[in-house]
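There are 2 protein chains.
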Amino acid sequence: MVKKVGIGLLGLGTVGSGVYRILTERGKTLTQRAGVDVEVKGILVRNPAAGRRVTVEGGLLTTDPERILNNPDISIVVEVLGGEEPARTYIERALRAGKTVATANKEVIAKHGVELLGLAREQKVDLLFEASVAGGIPLLRPLQESLAGEDVEAVYGIVNGTTNYMLTAMDKEGLDFAEVLAAAQRKGYAEADPTADIAGHDAARKLAILASIAFNTQVPIDKVYCSGIEEITAADIAGARELGYVIKLLAIARRVEEGIEVRVHPALLPQGHPLSTVDGVYNAVMVQGWAVGTLMFYGAGAGQMPTGSAVVGDIIAAAKNLFSGLRGQPRVGFAPGVPVIPLEEVETRYYLRLRVVPEPGVLGVVTRLCSQEGVELVSLDIKNWGQDSANLIIRTQRVKEKAFRGALAALRKEARVHEVESYIRLEGED
Amino acid sequence: MVKKVGIGLLGLGTVGSGVYRILTERGKTLTQRAGVDVEVKGILVRNPAAGRRVTVEGGLLTTDPERILNNPDISIVVEVLGGEEPARTYIERALRAGKTVATANKEVIAKHGVELLGLAREQKVDLLFEASVAGGIPLLRPLQESLAGEDVEAVYGIVNGTTNYMLTAMDKEGLDFAEVLAAAQRKGYAEADPTADIAGHDAARKLAILASIAFNTQVPIDKVYCSGIEEITAADIAGARELGYVIKLLAIARRVEEGIEVRVHPALLPQGHPLSTVDGVYNAVMVQGWAVGTLMFYGAGAGQMPTGSAVVGDIIAAAKNLFSGLRGQPRVGFAPGVPVIPLEEVETRYYLRLRVVPEPGVLGVVTRLCSQEGVELVSLDIKNWGQDSANLIIRTQRVKEKAFRGALAALRKEARVHEVESYIRLEGED
Chain L
269 MVKKVGIGLL GLGTVGSGVY RILTERGKTL TQRAGVDVEV KGILVRNPAA
319 GRRVTVEGGL LTTDPERILN NPDISIVVEV LGGEEPARTY IERALRAGKT
369 VATANKEVIA KHGVELLGLA REQKVDLLFE ASVAGGIPLL RPLQESLAGE
419 DVEAVYGIVN GTTNYMLTAM DKEGLDFAEV LAAAQRKGYA EADPTADIAG
469 HDAARKLAIL ASIAFNTQVP IDKVYCSGIE EITAADIAGA RELGYVIKLL
519 AIARRVEEGI EVRVHPALLP QGHPLSTVDG VYNAVMVQGW AVGTLMFYGA
569 GAGQMPTGSA VVGDIIAAAK NLFSGLRGQP RVGFAPGVPV IPLEEVETRY
619 YLRLRVVPEP GVLGVVTRLC SQEGVELVSL DIKNWGQDSA NLIIRTQRVK
669 EKAFRGALAA LRKEARVHEV ESYIRLEGED
Chain F
269 MVKKVGIGLL GLGTVGSGVY RILTERGKTL TQRAGVDVEV KGILVRNPAA
319 GRRVTVEGGL LTTDPERILN NPDISIVVEV LGGEEPARTY IERALRAGKT
369 VATANKEVIA KHGVELLGLA REQKVDLLFE ASVAGGIPLL RPLQESLAGE
419 DVEAVYGIVN GTTNYMLTAM DKEGLDFAEV LAAAQRKGYA EADPTADIAG
469 HDAARKLAIL ASIAFNTQVP IDKVYCSGIE EITAADIAGA RELGYVIKLL
519 AIARRVEEGI EVRVHPALLP QGHPLSTVDG VYNAVMVQGW AVGTLMFYGA
569 GAGQMPTGSA VVGDIIAAAK NLFSGLRGQP RVGFAPGVPV IPLEEVETRY
619 YLRLRVVPEP GVLGVVTRLC SQEGVELVSL DIKNWGQDSA NLIIRTQRVK
669 EKAFRGALAA LRKEARVHEV ESYIRLEGED
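Residue numbers (this note's numbering), protein chains in the order written: chain L, 269 to 698; chain F, 269 to 698.
Please note: incorrect hints may appear among the correct ones.
Identical copies carry no separate label here, and so any pair may be met within one copy or between two of them.
[To be verified] In silico BS3-like links for lysine-lysine, alpha-carbon gap of 30 Å or less:
no. : residue 1 : residue 2
1   : Lys-272   : Lys-670
2   : Lys-440   : Lys-651
3   : Lys-440   : Lys-296
4   : Lys-309   : Lys-455
5   : Lys-491   : Lys-440
6   : Lys-296   : Lys-271
7   : Lys-668   : Lys-379
8   : Lys-668   : Lys-271
9   : Lys-440   : Lys-670
10  : Lys-271   : Lys-309
11  : Lys-296   : Lys-491
12  : Lys-651   : Lys-271
13  : Lys-392   : Lys-272
Bear in mind the hints are in silico, worked out from the structure with no lab data behind them. Source: prediction; values computed, not measured.
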């Protein structure tokens with residue numbers, strides 16, 4: 269009992285080409301395995317004459333969005349343009365036209381997801397966005413369905429492939445930031461303007477979506493603390509490895525008594541941690557639940573075919589809802605807003621590298637300055653003891669951000685401390 | 269808009285207690301997150317006076333299955349008795365009575381899943397069994413839903429916590445099989461009669477279920493090749509580690525041109541492989557798809573709360589289907605039977621350890637005997653060269669099982685080969 273459904277694609281870039289290839293090259297799998305016969309009825313592109321990664325029947329391409337948004341043969345609109353506009357407007361118009369929408373657009377969902385989901389509910393259609401977080405990895409649907417009864421305590425992981433590729437290359441090949449960025453750009457893993465990736469904005473958007481789903485609450489993108497990898501040096505990575513850690517850009521959402529914390533920043537992870545071996549462009553997300561304990565979901569976080577696979581999963585789910593008349597049923601309810609903890613109140617451990625005056629009393633001075641601000645140390649190692657300076661490598665106990673900031677300020681004022689060379693949060697051990 | 273549903277538990281052992289705890293201690297999460305208010309209306313136990321892991325309202329316990337199976341207040345029956353009978357009969361009776369069933373019972377599903385699923389469809393109710401494979405890890409539902417459009421090429425992984433705990437302990441602590449088995453039994457990780465686990469039967473049942481879902485076909489349990497860890501020695505593990513491998517009990521299902529292969533056996537995995545660091549009682553399953561590439565799902569494969577969490581996920585899904593009138597809709601269609609390849613036709617690589625007569629020509633003899641049977645070698649190392657014997661450590665190229673058996677027979681007949689000490693399949697590198 270195979271049912272036919274017409275879909276329209278907005279965009280035919282990397283992800284769009286992947287979706288098109290799966291639908292056309294693996295149509296038989298879709299009908300056999302999912303009982304759905306998907307037919308592409310139109311594809312919005314900027315320039316129909318442009319070179320393409322896929323061969324598309326000529327008549328399908330159009331530069332006129334109305335041919336998708338106002339096409340009665342199209343029940344499901346697939347938005348794979350990327351970027352905020354015109355994608356957001358098209359999604360809104362498709363929903364208003366009574367069409368279900370599947371999108372891979374993390375920017376639109378992170379910024380406008382709640383209104384758009386509300387609109388979808390009003391219109392009794394679906395808005396699905398599995399592909400917006402962690403590419404091909406089934407994550408949002410398992411969180412919403414398999415773990416619907418689970419009290420989620422934390423979700424955290426590696427959700428940006430570009431920065432993970434760069435950190436892996438810096439670690440394995442000992443290269444510096446600028447070199448690996450250039451290499452990543454050559455390989456197409458980083459964009460010409462890499463800011464969204466390396467400054468952590470892309471990860472922050474994904475985390476806002478992930479945390480909203482995990483904790484059933486609206487996590488506004490501007491409440492997500494975000495710090496990128498621009499200042500991570502080869503020396504940081506080598507120093508971390510010497511202590512038994514690797515450096516990863518982590519996206520972390522955790523429920524604490526007073527609310528939830530949501531933050532993206534580089535972090536030291538112990539080498540035995542399951543996330544520490546997630547290398548290159550791979551993503552992995554850990555979910556910690558009251559009953560289920562720790563889960564990890566691992567796979568390709570980006571790329572034409574993996575991301576295309578996630579979109580196709582959504583198309584099938586949308587088609588099934590369409591046939592069963594179950595469109596527009598939210599899979600989880602959103603609880604009234606849970607407060608996002610301000611960064612100053614967030615507790616973490618810290619790794620800290622200082623350059624100090626090499627005299628015997630300096631350890632006592634540093635320890636005392638930290639302690640006066642409420643920052644207690646777990647370990648203190650001296651490296652490169654020389655004529656003019658020495659390095660102190662410090663690991664702290666769990667400490668509130670504001671206390672740590674206080675200690676940093678005190679250390680910077682202290683004459684015997686030449687410089688605070690770097691400080692990175694320490695995760696994955698308690 | 270919270271909807272009420274009455275459920276009945278068959279069994280209150282490890283998993284049953286977990287389910288009961290989640291439903292009673294986290295009822296608020298269920299209503300808030302899933303919009304479902306679950307009420308336990310009865311629990312079948314053998315002895316209501318027995319000591320329990322959970323405190324249960326006295327009136328709920330019964331020794332009479334009719335109070336569950338014929339109770340009009342119960343819409344969902346949760347079968348957590350384990351074992352083939354009477355579990356299978358109760359499931360059948362519940363389905364015939366028009367009740368949806370959620371079960372954690374891999375034995376019943378592996379042996380009778382197809383008939384029971386057929387019956388559920390006839391009766392327009394659901395039969396859900398996420399907890400039957402890999403405990404708390406969301407796996408069957410993501411495969412059926414998120415990956416409904418994916419051409420699955422292989423599923424493989426570690427699906428038995430007992431044997432993984434034992435192999436990890438043998439590796440990390442250098443203990444021998446009998447010692448770790450005793451330790452596992454003391455800790456409750458292995459049963460008094462550990463056969464089902466250590467002989468691989470438990471993993472084979474899970475693999476039959478997993479492969480049936482992944483490839484949309486019925487994989488009969490008696491077609492799954494199954495070999496356990498009884499003969500793995502501390503020497504095997506140490507020898508593997510020296511070559512850069514770890515030994516894991518793997519369950520592997522792979523689609524090949526002629527059909528599918530399904531097998532459970534110990535295997536050497538390279539130390540960098542994602543499954544190689546899955547230690548202790550944890551499980552992990554990799555899914556390889558045409559478009560999505562390689563995914564891994566990792567988590568607790570057993571235990572009261574994790575397995576309970578998976579059952580509760582099924583209860584919520586069942587309740588939602590109940591309310592929406594969508595009961596009894598198979599999530600994937602089963603294609604007509606795909607043949608299971610006989611073991612003799614399965615191709616793998618092999619690790620082989622021989623004790624031979626220590627004379628110069630022996631390497632040539634062994635190489636020639638293997639080659640005559642169509643077994644080509646990738647590496648050959650000599651160890652423990654002594655007066656009377658030496659060890660040859662061999663890794664082969666990919667070879668059909670029947671050719672390898674031929675080589676084994678030839679080596680055993682050869683006078684210069686004292687003994688074939690061990691042979692283990694080699695996975696995870698090609």
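Checked hints:
1. Proximity of Lys-272 to Lys-670 under the C-alpha cut-off of 30 Å is found in neither arrangement, the shortest distances being 58 Å within a copy and 46 Å between copies.
2. For the homomeric pair Lys-440 and Lys-651, the shortest alpha-carbon distance inside one copy (23 Å) is at most 30 Å, but the shortest distance between copies (32 Å) is not.
3. Taking the shortest Cα distances, Lys-440 and Lys-296 never come within 30 Å of each other, neither inside one copy (42 Å) nor across copies (47 Å).
4. Taking the shortest Cα distances, Lys-309 and Lys-455 never come within 30 Å of each other, neither inside one copy (33 Å) nor across copies (60 Å).
5. For the identical chains of this complex, Lys-491 and Lys-440 are neighbours neither inside a copy (34 Å) nor across copies (44 Å), given an alpha-carbon limit of 30 Å.
6. When the C-alpha separation of Lys-296 and Lys-271 is checked against a cutoff of 30 Å, the pair qualifies only within one copy, where the shortest distance is 13 Å, while the shortest distance between copies is 39 Å.
7. Within a single copy, Lys-668 and Lys-379 get their C-alpha atoms as close as 29 Å, which meets the 30 Å cut-off; across copies the closest is 55 Å, which misses it.
8. For the homomeric pair Lys-668 and Lys-271, neither the shortest alpha-carbon distance inside one copy (56 Å) nor that between copies (42 Å) is at most 30 Å.
9. Taking CA atoms no more than 30 Å apart as the test, Lys-440 paired with Lys-670 passes in neither setting, with 34 Å inside one copy and 41 Å between copies.
10. For a Cα distance limit of 30 Å, the shortest separation of Lys-271 from Lys-309 inside one copy, 16 Å, qualifies, whereas the shortest one across copies, 39 Å, does not.
11. Proximity of Lys-296 to Lys-491 under the C-alpha cut-off of 30 Å is restricted to the inter-copy arrangement: shortest distance 27 Å between copies versus 45 Å within a copy.
12. In this homomeric assembly, Lys-651 and Lys-271 never come within 30 Å of each other (Cα to Cα): the closest approach is 68 Å inside a single copy and 63 Å across copies.
13. For the identical chains of this complex, Lys-392 and Lys-272 are neighbours both inside a copy (20 Å) and across copies (24 Å), given an alpha-carbon limit of 30 Å.
When held up to the earlier numbered hints, the structure conflicts with 1, 3, 4, 5, 8, 9 and 12 and fits the remainder.
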